[in-house]
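Let's have the full structure, built from the sequences with the hints guiding it.
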Amino acid sequence: MMFKMMMCKEATRLMSKRLDAPLSFQEKLSLKLHLAMCDACTECNKQFALLHEVGPRFEMLVSEIPDEGGSSRQE
Amino acid sequence: MSISESEEKNDRMQRLTAVRPRLVSFARLQLRDPAQAEDAVQEALAAAIEKDDTFSGRSGYETWVFGILKYKILDALRAQRRNGRWQPLENELDEEAIDRLFQQNGRWQEDARPSSWGDPEAAFLNERFWQVFDTCMIALPDNIARVFSLRELMGLSTEDICKETGIKENNCWVILHRARLRLRACIERGWLSEEK
Numbered sequence: 005m006m007f008k009m010m011m012c013k014e015a016t017r018l019m020s021k022r023l024d025a026p027l028s029f030q031e032k033l034s035l036k037l038h039l040a041m042c043d044a045c046t047e048c049n050k051q052f053a054l055l056h057e058v059g060p061r062f063e064m065l066v067s068e069i070p071d072e073g074g075s076s077r078q079e
Numbered sequence: 020m021s022i023s024e025s026e027e028k029n030d031r032m033q034r035l036t037a038v039r040p041r042l043v044s045f046a047r048l049q050l051r052d053p054a055q056a057e058d059a060v061q062e063a064l065a066a067a068i069e070k071d072d073t074f075s076g077r078s079g080y081e082t083w084v085f086g087i088l089k090y091k092i093l094d095a096l097r098a099q100r101r102n103g104r105w106q107p108l109e110n111e112l113d114e115e116a117i118d119r120l121f122q123q124n125g126r127w128q129e130d131a132r133p134s135s136w137g138d139p140e141a142a143f144l145n146e147r148f149w150q151v152f153d154t155c156m157i158a159l160p161d162n163i164a165r166v167f168s169l170r171e172l173m174g175l176s177t178e179d180i181c182k183e184t185g186i187k188e189n190n191c192w193v194i195l196h197r198a199r200l201r202l203r204a205c206i207e208r209g210w211l212s213e214e215k
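Sequence lines, in order, name chains A and B.
In terms of this note's numbering, the first sequence opens at residue 5 and continues consecutively.
In terms of this note's numbering, the second sequence opens at residue 20 and continues consecutively.
There could be a bad hint or two in this list.
As the list claims (entries may be wrong) - Think about it this way: if two alpha-carbon atoms lie no more than 20 angstroms apart in a straight line, the pair counts; the simulated SDA-like pairs of lysine to any residue are:
#, chain 1, residue 1, chain 2, residue 2
1, A, K21, B, F121
2, A, K13, B, G103
3, A, K50, B, C205
4, A, K50, B, K70
5, A, K21, B, R126
6, A, K21, B, Q33
7, A, K21, B, D130
8, A, K50, B, D161
9, B, K70, B, K89
10, B, K187, A, E68
11, A, K50, B, G103
12, A, K13, B, D118
13, A, K21, B, W127
14, A, K13, B, D138
15, B, K182, B, G103
16, A, K13, B, M173
17, A, K50, B, K182
18, B, K187, A, K36
19, A, K36, B, G125
20, A, K13, B, R201
21, B, K28, A, K36
22, A, K13, B, K70
23, A, K50, B, E62
Said to hold, decoys possible - So the derived list for chain A, only partly shown, Cβ under 8 angstroms to chain B, looks like this:
#, residue
24, L27
25, S34
26, F52
27, V66
Calculated directly from the structure, the hints in this document are not laboratory data.
C-beta: ideal position from N, C-alpha, C; glycine also.
Okay, here's the thing in structure tokens:
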């Protein structure tokens with residue numbers, strides 16, 4: 005028998021966990037297989053990755069402050 | 020102090036004034052208390068002025084100040100925890116909010132299926148994206164938001180988050196999963212509705 009296909013809910017758990025800890029070989033493989041077949045989860049995976057970037061991006065905004073009083077983000 | 024040194028120092032004071040609003044919005048996201056956020060930024064700016072001599076080189080000044088702020092935020096968080104201002108995390112460990120997103124068989128609910136957000140680079144450069152992010156962070160329950168921002172804004176490892184919050188790493192992953200799912204749903208509602 006083939007192994008049981010992983011469902012979206014479990015896939016989102018793995019795509020979240022991979023941002024915080026290494027996945028096992030089995031986990032990586034199941035996630036990859038699921039993403040190859042599921043457009044919604046592929047988008048979700050991109051969005052989690054984007055959320056994982058907000059810290060560094062915020063820091064970039066802070067260091068690229070404009071000269072005139074830093075008001076560009078306020079308006 | 021030479022004239023050029025004092026000019027440089029003056030310039031740094033101006034840069035502190037310029038960067039202040041962004042530091043405050045960062046501190047608010049993490050501390051979820053406007054007064055405490057103001058205090059943390061005030062302390063960070065005071066420390067930056069006091070330790071001005073230890074900053075070497077003009078480039079990366081804001082980043083240096085940002086680093087000081089992160090320490091002040093951690094101090095403030097520890098004080099919140101000591102003063103019993105945190106709700107028990109167990110309340111956040113129920114599956115209900117997540118289960119609503121998925122069908123019984125584990126597939127996405129039709130109305131919860133993620134859509135494309137377009138180019139991530141464009142999102143980061145768009146003012147509205149940050150406003151939506153801010154709103155969605157505020158909408159998250161405190162406990163979940165705290166763990167998420169420790170991880171994704173402050174850049175702590177889940178191991179360090181366990182130390183700061185007293186939760187087990189496994190629970191940390193559960194909470195982060197939840198936070199990401201809720202945030203992405205909220206951001207998608209706000210972001211895509213305004214784009215179209």
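Hints and how they fare:
1. For the proposed pair A:K21 and B:F121, the alpha carbon gap of about 18 angstroms is at most 20 angstroms, so the pair holds.
2. For a cut-off of 20 angstroms, the pair hint linking A:K13 to B:G103 is broken: about 34 angstroms separates their Cα positions.
3. About 15 angstroms separates the Cα atoms of A:K50 and B:C205, which keeps this hinted pair within 20 angstroms; it holds.
4. Using a Cα cut-off of 20 angstroms, the hinted pair A:K50 and B:K70 is violated, with the two alpha carbons roughly 41 angstroms apart.
5. Proposed proximity of A:K21 and B:R126 is supported: the alpha carbons are some 19 angstroms apart, at most 20 angstroms.
6. About 42 angstroms separates the Cα atoms of A:K21 and B:Q33, which puts this hinted pair outside 20 angstroms; it is violated.
7. Proposed proximity of A:K21 and B:D130 is contradicted: the alpha carbons are some 24 angstroms apart, above 20 angstroms.
8. A threshold of 20 angstroms between alpha carbons decides the hint, and for A:K50 with B:D161 the separation of about 25 angstroms lies outside it, so the pair is violated.
9. For the hint linking B:K70 to B:K89, the alpha-carbon distance of about 16 angstroms falls within 20 angstroms, and the restraint holds.
10. Under the criterion of a C-alpha separation no larger than 20 angstroms, the hint pairing B:K187 with A:E68 is inconsistent with the structure, at around 37 angstroms.
11. With a C-alpha separation of about 37 angstroms, the suggested pairing of A:K50 with B:G103 is violated against the 20 angstroms cut-off.
12. With a C-alpha separation of about 9 angstroms, the suggested pairing of A:K13 with B:D118 holds against the 20 angstroms cut-off.
13. With a CA separation close to 19 angstroms, the supplied pair A:K21 and B:W127 stays within the 20 angstroms bound.
14. The suggested pairing of A:K13 with B:D138 is violated, with an alpha-carbon distance near 25 angstroms, which exceeds 20 angstroms.
15. With a CA separation close to 16 angstroms, the supplied pair B:K182 and B:G103 stays within the 20 angstroms bound.
16. Only pairs whose Cα atoms come within 20 angstroms are accepted, and A:K13 paired with B:M173 is rejected, the gap being roughly 27 angstroms.
17. Between A:K50 and B:K182 the alpha-carbon distance is near 29 angstroms, which puts this suggested pair outside the 20 angstroms criterion.
18. Proposed proximity of B:K187 and A:K36 is contradicted: the alpha carbons are some 28 angstroms apart, above 20 angstroms.
19. In summary, the hint linking A:K36 to B:G125 is supported, as the alpha carbons are separated by about 17 angstroms, within the 20 angstroms threshold.
20. Between A:K13 and B:R201, the direct Cα distance comes to roughly 13 angstroms. Compliance with the 20 angstroms bound is thereby established for this hinted pair.
21. For the suggested pair B:K28 and A:K36, the alpha carbons sit about 53 angstroms apart, so the restraint of at most 20 angstroms is broken.
22. For the hint pairing A:K13 with B:K70, the CA-to-CA distance comes to about 49 angstroms; that exceeds 20 angstroms, so the pair is violated.
23. Pair hint A:K50 plus B:E62 does not hold up; C-alpha atoms about 37 angstroms apart against a cutoff of 20 angstroms.
24. The restraint placing A:L27 at the interface with chain B is violated, with a minimum CB-CB distance near 11 angstroms, outside the 8 angstroms limit.
25. About 13 angstroms separates the beta-carbon of A:S34 from the nearest beta-carbon of chain B, more than 8 angstroms, and the hint is not met.
26. At a threshold of 8 angstroms, the smallest CB-CB gap from A:F52 to chain B is about 5 angstroms, leaving the interface hint in force.
27. For A:V66, the shortest C-beta to C-beta distance to chain B is roughly 5 angstroms, which falls under 8 angstroms, so the interface hint holds.
The structure shown violates the earlier hints numbered 2, 4, 6, 7, 8, 10, 11, 14, 16, 17, 18, 21, 22, 23, 24, 25.
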